[in-house]
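Trainee: Kindly generate the complete structure, drawing on both the sequences and the hints.
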Amino acid sequence: MTKELFSVIDQISREKGISREALLKVLESALLSAARKKYGGRTNINLRIDPKTAAIQVYETKRVASEITNPDEEITPDAAVKTFPDAKLGDEIELPIQLQDFGRIAAQTAKQVLFQRVREAERDIIFEEFKDKAGQIISGTVLRKEKNVYFISLGKAEAVMLQREALPTETLKRGDMVKAYLSEVRQTAKGPAIMLSRTDPNFIIGLFKMEVPEINDGVVLVKGIAREPGERTKIAVFSKDSSIDAVGACVGMKGTRVQSIVRELRGERIDIIPWSEDPRIFIARALTPATVDRVGINEEERTAMVIADDQQLSLAIGKRGQNIKLATKLTGWEIEILSETEYAKIKMEETDKSLDKALLETKHAKSNEL
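Note that this note's numbering gives residue 1263 to position 23 of the sequence shown, counting from 1, and the numbers run on in steps of one.
These aren't lab readings, by the way, just hints derived from the structure by calculation.
Don't take each hint at face value.
Stated by the list, open to error - In silico DSSO-like links for lysine-lysine, alpha-carbon gap of 27 Å or less:
#1 Lys1396 to Lys1385
#2 Lys1565 to Lys1463
#3 Lys1265 to Lys1328
#4 Lys1322 to Lys1373
Mentor: Below is the structure:
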């Protein structure tokens, strides 16, 4: 049994990447569990494995006593001196137990515990490897889909991605290679739970870091992002180096950088906005692709009134209000948009009211004179 188990240990060490020393400790624990089970759960049954010779020694610890009240834990001086000539009353001695006494069931128990502990060790290794990768973009292969969950192979580990975390415009199939944002890694009773997402806004930021060296190096900063997964993303960027155009760096030569990201996102549109500390300028830019004429703000309430040309109004609002919704989220300002015609009408009504008020005041003054 010794050679067989050690052969298993060497094989597992190679395949799972677990050190031989760690596995020997697991084996010691497994064999000890089997030995104690064989002998009725006695806690004075112990075990040692020589890491060099692979010799396994099982022994029971007994106290030398003049009167025996518990034969499993005590031994008479006459019996003790047969093995340990110098044994005295009160001494604790270790009496060898023949390994073959384990029996077939004990050997099976040892193997079961060994493989169980190895699985636990393997889970710990996977958890330690991926917990530090949380917040990064990783690549994997789609294994299968069960109900509303995709299972993604990451090599030694298996991750999960809920259907709602996949892009609404995509249907992933077995064997597809995908990139995803590693949103969470946690330990569970069944092992590490590695959660992936392709809808998280951080997925977009991670893709830009991969494609744009200036962002990865910290020269160009991502100041904000707003996203409708599968449809549109607005990302605000700023360059700490005046000689580097933040938007140009993100777009790349002939649009190669941003196009690569758009392909990964299955055609999701991306508006790259140059960030500005002036809220009026930033709000106007955030409404891209529309062009607006004027922006008025209320700093206390963080609200903005935007005036756009009649032809630009629908573009500024966007389909189902998507453009203004994303601009609001990106800037953090509540935005209201009016067309030039609507604004002129309001101003005219305000002017008429002012005139009416002035006329009433004049009439009232004349009445007082009379």
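Trainee: Would you mind marking each hint as holding or not holding in the structure?
Mentor: Now the hints, each set against the structure:
1. Proposed proximity of Lys1396 and Lys1385 is supported: the alpha carbons are some 19 Å apart, at most 27 Å.
2. Simply put, Lys1565 and Lys1463 have alpha-carbon atoms about 18 Å apart, close enough for the 27 Å limit, and the pair holds.
3. In summary, the hint linking Lys1265 to Lys1328 is not supported, as the alpha carbons are separated by about 33 Å, beyond the 27 Å threshold.
4. For a cut-off of 27 Å, the pair hint linking Lys1322 to Lys1373 is broken: about 61 Å separates their Cα positions.
When each numbered hint is compared with the structure, violations occur for hints 3 and 4.
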